[in-house]
Each structure stands twice: as structure tokens, then as C-alpha cells.
Amino acid sequence: MNGPSDFIFYAAAALTVGSAILVATLPNIIYAAVALLFAFAGVAGLYVFLSADFLAATQVLVYVGGILVLILFAVFLSNRLADVKISNPGHFHLPAAAVCLVLFGVLSYTAVSTPFAVKTAVYLPTTADIGEMLMTRYLLPFEVASVLLLAALIGAALLSRPERGTPEKADMEEGRG
Amino acid sequence: MTPIAMDTGALVRGLYCILPEMVVIGTAILVLLADLLLPEEGKKRLCHLSVAGVAAAILSALWLGPGKIEGFSGMIVHDGMGLFFTLTILAAALLTLMMATGYSEWEGTQKGEFYALILLSTSGMLFMAEGTDLMTVFLGLETLSIPIYCLVGFHRGRMRSLEGAMKYFLLGAFSSGFFLYGIALMYAAAGTTRIPVIASMMRDARLYGNPVFLAGIGLLLVGFAFKVSLVPFHMWTPDAYEGAPTLVTAFMGAAVKAAAFAALLRVVLLTFPAILPAMSGVLWVLAALTMTVGNFSALLQNNMKRMLAYSSIAHAGYILVGLTAGGVAGGQAVLFYVLVYAFMNLGAFGVIMLVAQREDDGYDIDNFAGIGFRYPVLGGLLSLFLVSLAGIPPTAGFVGKFYLFGAAVRSGYVGLAVLGVLNSAVSVYYYLRPVVSMYMAPAPEGIPVPRPPRSAFSFALCASAAAVLLLGVMPASALEFAERSVLSLLM
Amino acid sequence: MVSGVLDYLWLVPAFPLLGVILNGVLALIAERPFLLKEAGLPPPGGSHGHPSRGNSHATEAPGSHGSGASGPHSAPVYRNVVAFLAPGAVGASFVVALLCVLSLAARPPEGRTFVQILFPWIQSGSFLAPVGFQLDPLSSVMALVVTGVGFLIHVYSVGYMSHERAFARYFVYLNLFMFAMLMLVLANNYLLMFVGWEGVGLCSYLLIGYWYEKQSASDAGKKAFIVNRIGDFGFLLGVFLIFWTFGSVSFTDVFARIPLLRDSGVLTAGMATAITLLLFLGATGKSAQIPLYVWLPDAMEGPTPVSALIHAATMVTAGVYMVARSSALFLLSPDAMSVVAVIGAATAIFSATIGICQTDIKRVLAYSTVSQLGYMFLACGVGAFAAGIFHLMTHAFFKALLFLGSGSVIHALSGEQDMRKMGGVRRYLPVTFVTMFAATLAISGIPGLSGFFSKDEILWQSFSSPHGSPALWFVGALAAGITAFYMFRLVFLTFYGGSRMDPEVEKHVHESPWTMTVPLSILAVLSVAGGWVGIPASLGGDNRFEEWLAPVFRSVAAAGAHGAATGAHPSVSLEFGLMGISVGVALAGIGIAYFLYRLRTSKPAEIARRVPALYDLVYHKYYVDEIYEWAVVRRVVDGSVWLWQMFDALFIDGIVNGIADGVRSAGDRVRRLQAGIVGGYAFSLLAGAVLLVGYILYRSMVP
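For the record, the sequence lines run as chains A, C and X.
The numbers in our numbering rise by one with no breaks, and the one at position 134 of the first sequence is 134.
So the number in our numbering is just where the residue sits in the second sequence, counting from 1, plus 177.
So the number in our numbering is just where the residue sits in the third sequence, counting from 1, plus 668.
Chain A extracted, bound-state conformation (with noise of 0.2 Å):
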């Protein structure tokens, strides 16, 4: 399986990874969407290489068709987000890159380390699986997310519903997403 098969599981990850860098260093929040579904689209590839198809299909249907939409309904809706400088002012950036190259040599070195026990792929649906997993062992957090989601709900019409008042409150709220 070299050859062609490689050369697109790296094109994946480069796509993931650079897309993901320009999300955090583009200024302009459009762009940074955008290319936050670009990132989210190489994350698909990969699913797809680990032989995850039902993974893969959500990632693209949630993610890319759903979440990302949203972000941008919610960049275009809040205009006064256009004026305010989004990303972070240049005294941050030094330090925060070393320590994270730093991170990312100490998981490389993890990674490499480790005595993977290597599976080889056996590429066969997982749906069944993960449905019949969902409904037996892993119940309890299948539905505890339900719960956890229920909170998300009501937290969120709490934070969004207009309240008598409080007049600089929009500066603040899409922050929480």
C-alpha cells in the first residue's frame, strides 16, 4: 500500500495541520473560517485512512456541513465583530511558539518511542458497531451527553435571550460561542 496511498495520507495531513496554523495566525475571522473547513476536511481524510468510514462521513456531515456553517452565520451576523482586531497582538507569539514546538517535540518523541502494537486495517463498515456499542456498553455516556447537552441548551437560550438593561452585553457574548 505505498505509492499513491502515502503520498495522499500526507497530503492530508498537511492540508489538516496548515489549514489548522492559518486559523490561528489569519486576522481576518472569515478567512480563519474558511480555512478552519479546510482543516476539518483533511481531519475526514485521515478518518477515512483508519479505516473509520462512519467517523469520516460524520466529521464531513457535522463538522464541515453543519458546525462550520453555523461559525459563519454567526461571523456575518455579529457585525461588530468586523471591527475588533481578533487575533492576538504580536507580544504573544514568540514565547507561545517555542513552548509549543516544545510540546510538539516532546509528543514526537512520545510517538516515536512507543511501541505501537501495529494492526494491520481491515476495511469493513463500522456503523453496526458503533450503534449496537452506543446502546450497550457505552450507554451510560451516550446518555449522560444527552444530559450535557440539555445543559448546553439551556445555558445557551439563557446566555442569548435579551435581557432588560444590560446594554454593553453583545460585546461580550460571542466569545462564549
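Treat each hint with caution, since some may be false.
To be verified - Here are a few chain A residues that face chain X, going by a calculated C-beta distance under 8 Å:
1. Ala96
2. Val99
3. Val102
4. Leu103
5. Val106
6. Thr110
To be verified - Simulated restraints, written as ranges between beta carbons of each label pair:
7. A:Val112 x X:Glu1297: 55 to 65 Å
8. A:Tyr31 x C:Arg380: 44 to 54 Å
9. C:Leu236 x X:Val1300: 47 to 57 Å
10. C:Leu192 x X:Asp921: 50 to 60 Å
11. C:Arg380 x X:Trp912: 22 to 32 Å
12. A:Phe49 x C:Leu192: 33 to 43 Å
If you're looking for bench data, these hints aren't it; they were derived computationally from the structure.
Cβ coordinates follow ideal geometry from the N, Cα and C atoms, glycine included.
Position chains C and X against the provided structure of chain A, taking the given hints into account.
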């Protein structure tokens, strides 16, 4: 396609095991529904409903008893330690909600969402405290965090509230990333997320020296360290504590900390002995840093909420001393201290809530000048709680600290114990400042009149005070309970 | 029948606790209206008024009673109840203590240890710290002194504090103090002792700051509490180490296990030194020894009966008691013994010299107390624990008397404490004068009085004991001379000579009421005769006091490494010689005082002019407070700021100002938020994570 085999018995047992959680979640939903039906002036019924729900949850937890019940194919377990933390968290929630009877009226938090969020957050804490699978722990963590983010920002008209919420949210999301990454790495190395299985794999050296696993544990620890605000992961704490509605601050200090320490304790006690040298070094440094930075920063604060925020950082450091010590003695000390801290912290916040007239500058220490003799009961209660936080006998804070540092000495961490005792000597200075101000500073001309407490509020304060005193004078049974809980976990 | 009385030992601390509760209820009910401004009453005593009303607080508060609108005649009924309840509770516990001690004395000497366990306080696994009391010869001396002197001072307080508005509150604190002190003294384990230890510290803090409107009073209270925390830190660590080494914290267990553990090598000399030095650090805090003595002189801001009870007779001696209680441990470590002896001797002479130049009557007595406590530690350090406790007892009598007498003077002089504004008071206050003179003779070591026997025993032991040395004796004898000098300076300045009083003050001078003079007289009798229980054999006595304590310290000596501390008695003539020298030194001190303050009254000022630098140094108490302020307090504050900035403000430009500013415009704030604070926080989080993960990997992967 074969149908999924359904094991009804297991399902029922699982549901039975999460009975307290279900009661709390059910109450939250009831509160939301009742919010729709109740007229504006009847909103205080919501608070009563929440109190009743939490009380019912406490009863159901007691009904389950300390016996070990596993549920949902080992995702969650109700055991002695789970019961201990469940009761601690629920007691904190109960006291918080009782104080809400008054606070909500003054500060405009008399809303269905407020109570629902507190209850949902409580359920998340319970899942976290009883989870035996890293998945459950993580979901519990998120379920407790997201409502707290919203609660911190509940006062949308106050800049500090929004600021605190935003900082907490952004950094919380960041730290959740670490947490999840840690779990992923551990899963990559171990092939499972079940804590007991991982522990047994570590004991028979299958995971020994596996770098991915070690990095995973480290990142997991970062996530925990953020939630219990250990230095240097504590930056959000003062802002979030100061900004949050005071009631939420009290709840955060008492309950969130208890839940996070519960899960951390489960992970640490079961897995860390296998990688002791590295882990004890890390915990040692974290504990020392946290105590020192917390206490010394608290020295400089003039705002009670901010001061108590730094004090809560310092207390996380003290508790970490017990974790560093490890073993039965350390675990027992941690359990007991978490319980004690919940009471004294809630009590202290409860009193300052009454004294401060308004959020923000109402909590300046100068505002407490001269109230000691004018309102002897309030002054006495606040002094009691602060004295207990400072660890002076015969309060529970002293017994708790004695156990923490005693465990450290017994495990050979004499240096850490020395540092801890020295730190608590320093802490007396800032705990004393409000007391000095209350009793020994001239009262200003405009007499601050504390808010008249509601009867439930008074009851909550008195219950906290009674707990602080009782656990100080007769801590035997609570300590025994804590010891049995730790033993049940380690067996 | 014999242990029948002893079974009621728990009543000894229980009575004061009952007093706390009853008086507390009265204080809550009856004194609340006084404190409400709405009541609109002018403060009767003035001392409790609000400073904004312009009441003068330049002098100690009882002074203002002269101008007070209402006297004791218009006292509300509840005051009479309090005045009966508070001393009554202490008196009752004195009676119970006395009965218990008598029934203990009826036992054979070796059986004189009675332990009463009330309930288990902290219990887990092998660890047990009960709430339990232990009455043995040592704790019985302490219990009798505490309750006896305490009772007298309570009675005195009824008169002294009669003009105070917060009358009941004062007695609540005082009773609470008695309770805590009795817990300390009667506890049967170190941990419960620590509870009492902290309790007395808290009460001392409350009582020093009783006149809290006075800034100096509340500062002094705080200082006392914080300095004591340093000592408590040592004590607590000592207890941890004891627990670690012995597996128990109760006295009987710990001391019983010493021989076994020493032989098995668990208890090394190093460990014993560590334990005892930590305990001694605690003692230096509570008993005001170098380097932690600085709080005691400031503690004189409290009411004078408090100074007498807490800061002279009882609480400050807790350190001596604790060292004597732990004598078995101290004897294991010759190094620790030397440290105790040297610190004690150094404190004795150091604070005695400060006492020479003080002009405030109470401060002279405060430094004298520090100095006398040094004597007690000197005794303990040379292994003469019985002599230390003996001096503790006689000192409780005469120093309480001196304080109460000075209180009587201050009371009579409308709150004047400066000796330069006294003089000739003898004529107005005959009882006070006579009793105080007796106490002064006693403290100066005039033969026949109580102080002579105890002090001489200490000096003799510091010379002859195996732990002693001539140098220690010399320092002690010199300090005795200085003590005699400054005490007679005090008497001459206060009671003799012409009046230097404010004419306005002089009009009101009067002898104190009987509630104050009767305790003075009783204490005077004790100051004179209290030493007769310990007349040494060389003077024809039988030293019954040492015999009484012998079971405690003999078993100690048996357990200790060095055998009996009281070795073969050197020659009696040597003892007489030394005794003569110390009496001579004391008489010389008195003579110099007489010369300087009666014959040539211009001489002192002249001397001060002659050696200005030295005078300045001593007058400013060797600038120790200033040095501490600069070397410790400043450093701690700077360090805190540094730590805080390091971790919380490192990345944020101007956050220190930002917090102080409080309000700022919303838009500005948002920009500041987005501009980097969160980024800074995240940065520290990330950096911490990298360090943490890196360290774990490094430690686990690199062998």
C-alpha cells in the same frame, strides 16, 4: 442484522446505581417545566422544589448505602467512596440552594434556568465522582462545567461576571482539550478507558514505561489540575470567582472541587503507585507551588471574594498534600478535608453574601468594618468559618489539616508537611484581616445593614457552623467513614 | 472514695465553659443595645465609644472613667449577675481542682497520675487522640496556680472594669481564656494541649484588642497572634514528629515508649533534638523568648488584669510548662538542653536591660516578665525542671500582684501609665503601695520571700547541675541584679518623691475599691510566703515542692539518658557562697536604684546624656522591632508581591493597577480582554502542561 441482546437485569441495576443522579436530573427537568407554569411572583417555589429534589437525592443515596453496586458494564460504580463524595456534593448543593432562597431575591437569579443549571451541574459532579471509566469522568466533567460557565456569567449586566465567565469558558475548553487528549493517549496505549483495568495493567507492568501512556497521564493530570485550580493552571480562578454571582462562587468552591478531587483521587489512588517516583515528584511540586502561591497572593487581596478565591487555590494545595502522601491515610485525609472544606467555604461565602450590599465593591474588606459587635451572630459565624479555614482548633479545619499533614509525614514527605504548616501559618494573616476589620476597626458612619436572611438561609448557615464545629470536636465517625471508603476502593 | 473526687476532674474546665455560655448569652442580650448607635446613649465609660465621637484614647481607657457620666451605681442588673457568675465559675473550678489535688496527694507518690478520658476526639486506625485530662503533680501545680490566681484576677476585674460598657463581653473572653488554659494544662496528650494552646492565643488576641478602637491595641493583638503562629508552627511540627516517632501523642504513652525506642535505635539523638527544638520554638512564641518575644511588650495594650492573668501569670508560662512536661524528651538531647538554657539566660539578661530605660510602668513589668520567663527556661535547660516550675509558681504570685498593683495605680491616676508623671503616690494608695512593695522585694530576691527561694534554686542549679556552667550562673546573677535595680526604680519613681502628676489627675486620686485591694492583699501574702514550700535543705527546709514534683521528674530522670539531674550535692558552703553573692548583687541593684532615683535624681538624665548612643540603643529596645520589620515583614510583603506577579500578573501589563482601578469603560475592558489576558492565561496553562508532561516522561524514561 442480529438484534442487540437486551439485558434487562443489568439495565435495572445500572439505573438503580445512578438513582441519586436521576433524581437530580429529574428535578432539573421539573424545575424547567414548573418555570413555565408558575407566575412571576411564585418563582420562589422553584427554589423550594430544587431543595426538595436534592434532599430526595440525598435520601436515595443513603438508601443505596455504602455497598458496591456496579452499573452500565462498569462505566459507573456506587461504592463507599462514591457515597462519600455523593453526600458531600449533594450537601453542598443543598446548602447552596437553601441560601438561594435569599440570594436569588436580592440579586435577580430567581429563574428556572438558574436552578436547572445548578442541578444539572450537580448531576455532572455525581457522574464524575462515581465514574470508573474515563469516558464517564470526562462527560461528567463537561456536564458539570458547561452549566457553571453559564452560571458564572449569569449576571449579564455585570462586566466582571461576563469577564469571568468568558475567561473560564475559554480556558476550560482549552483544558478539556488536554483532558480528552490525555484520555485518547491512554486509550491508545492501554486499549481501554476503564480505570480499574488500566490500574491492573499498570500493576503487572504491561504499561510500565510506555511513553504514550505516560504522556496521556500527564495531560489528564493537567485537565484535573485546571479544574481544581492548581498553580500554574489556576489563572482563571480569581476572575471567575470574583465575577460569578456569590452563590455560584460558593457552589464552585465547595462542590466542583469535591467532584474533581473525587475523580482525581480515584485515578491517583488506583494508578499512580505504579509510576510513583515521577508522579510523587509532580504532585509534590504542584502541591508546594499551589499552597505557596495561593496563600501569598491571598495576602494582597482587598476583596473578600478574590481573597477567598486565592484561599481556595491554597486549599487545593493542602488537599494535594494528602494526595501526594497517597495510601489509605492520604486518601482518608483528602476525603475528610473535602467534606470540611465544603462546609467552611459555603459558610464563609454565605455570611459575606449577607453582609455585602451588592456585588463587586460590596465585598471589599472595608465594608466589614465594625460589624462584629453590631451583628454578633453574623460576626461570630464568619469568624468561626475563617478560623476553621485558617486551621485553628477546635474547628474542623484543624482536624482536616492535621490529617493531611500527618499523612504526609507518615509517608515520609516531611518537607511538604513543613511547607504546609508554614503556609497555614501565613494564611492566618489574611483570614484574620476580615476578623480584625469586623471587631477592631471603627464602624463607618453609614451603618451597613446586612440583608435579613430567610429562614432557610439561616438554617443553612447554622448547619454549616454546626458541621464545622462538630467535625472539629467529634470527627471520629466521619473519619471512620472516610477510611472505610478509601479501603473499599483499594480492596 | 479517693478517686471519687478525681472523677469530677472534668468539672475544672467545665465551670469556666459554663461561665462563657451564660455570660455570652447575657452579653448577646444585654449589651447589644449599647452597641447600636441608634440607642444614642453617650458611652458611659468612654472607652467603648466610637472614635468619631472624639473620645480621647490617648491613655489607657479606665482613665476616662473620671469624666464618665454614670458610675457603677447606675449599673444595670445584668452586670451584677456577670460580676457574680464569672468569678464564681473560676472559683468553683479552683475548689474542685483543690479537692482533686488533695485526693491525689492522699495517694502514694508513685501512683499520683490520674487520667480521665472523656471521649475519643480523633481516632483512626492506631491513632488515638482523646479528649482526656491528666492530673499529676505537675499539672496539679499548674491547675491550682491557674485557677487560684485566675480567680483573684477575676475578682479584681470586677472592680477594674466596672466602668466598661462591654462588661459581659470582657468576662466572656476571660472565662473562655480560663477554659482554654485549663485544657492546655490538664490535657493528657499533645494534640489536645495544642487545642488549649491555640485557644489561649485566640483569647489573648481578643483581650489585647479589647479596646479595639485604639489602633495600637488592635495592631498589638494582631502582632501577638501572628508572632505566636510562628511558634505554633514549630509546636505542631513537633507534634507531628512525635506522632511519627512514637505512634502516639498521649503523654503517658510517649514517655513510656522512650526507653524501648531509644534502645531499638528508632529514637536517635538527632530525632530527639529535632522534636525538642521544634517544641521549644513553640515555647519561645508563647512564652516570649528570643527571638519571638516582641509581641509581649505590645500586648500591654490590653486591660491590666489581662496583662496580669494572661501575660504574666498563666498563658506565657505555658511554654515552660510544656518544656517541663516534655522533660523526658529534652533530657535525651543535650544539644536542645543547651539551646534552652542559653536562650533562657540570654532572654533574661537582654530584656532586663531593656527594662532599665522604659518609662511606661506596664512595659517595665512586661520586660521583667520576659526576663523572668528566661529564668524559668534557664532552669529547664539545666535540667532543674522542678526549680523552673517553682519559679513559675512564685512568679505567678508576685508578677500578678505587680501588674494588679500597677493597674491600681493606673486606675487611680485616671489612666496615666508614664512613670515620669507619677511620684509620691504612696500617700494616696497605702494598700497598693504596701502590697506592691512586698512583690518588688520578692522579685528582687530578698531572702525570706518567695522569689528568693525559687530564683536562688535556679541560680544554684545553673551552676551545679551537670548541664549548667558558671557562665550561665553569672548571667543569671547579673540579670538578678538588674532586675532588682529596675524594679526599685519603678517603685521609687511611682510611689516616692514629689508628685509629678497632672493637677487635674491628682484631684481624683483615690484608693481602689475592695474588689481590687483584697486580691492584692491575698497575692501579697502569697508573694511573701508562697516560697516557703520550697525551702532548700541547705537552709534547713525540706523542699517539699521538689518532693511533690519528684514523681514526674524522677520517672523522667529514670527514662532519660543522663540519670538523675540532681547529682551528688556539691559542698554546702559553695551553695551558701553563691547565695550570698546573688543576694549581694540584688542589694547592690537596689542600692544603685536608691542612689539614682532618691538621692541624686538628676543623675539618670546625666548618664543618658553622657552615653547617648548606648542610651538610645537601650531606650529603643535595641531596635529589634525595626529590624524585624525590615528583615522579615518587608521581605514577606515583597515576596508575596513577587510571587503574585510572577504567577498572576506576569503576562498582563498593568493588572495590578487594573484591579485597583475597579471601574473602567466597558469597551476598554473588552479590548483588554481580547488583547491578551486570556492568551497569557492559556500560555501559562500550556507551559505548565509541557513542563508536567516532560517531567513525567523524563523521570520515567531516563533511569
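These are the hints, each one checked on the structure:
1. Ala96: 6 Å, holds
2. Val99: 5 Å, holds
3. Val102: 5 Å, holds
4. Leu103: 5 Å, holds
5. Val106: Where the cut-off is 8 Å and the nearest Cβ of chain X is about 5 Å from Val106 of chain A, the hint holds.
6. Thr110: Result: holds, 7 Å to nearest chain X Cβ.
7. A:Val112 x X:Glu1297: 55 to 65 Å: 57 Å, holds
8. A:Tyr31 x C:Arg380: 44 to 54 Å: 51 Å, holds
9. C:Leu236 x X:Val1300: 47 to 57 Å: 54 Å, holds
10. C:Leu192 x X:Asp921: 50 to 60 Å: 51 Å, holds
11. C:Arg380 x X:Trp912: 22 to 32 Å: 28 Å, holds
12. A:Phe49 x C:Leu192: 33 to 43 Å: Since the Cβ atoms of Phe49 of chain A and Leu192 of chain C sit about 40 Å apart, the hinted range of 33 to 43 Å holds.
Violated hints are absent here; each numbered hint is respected by the structure.
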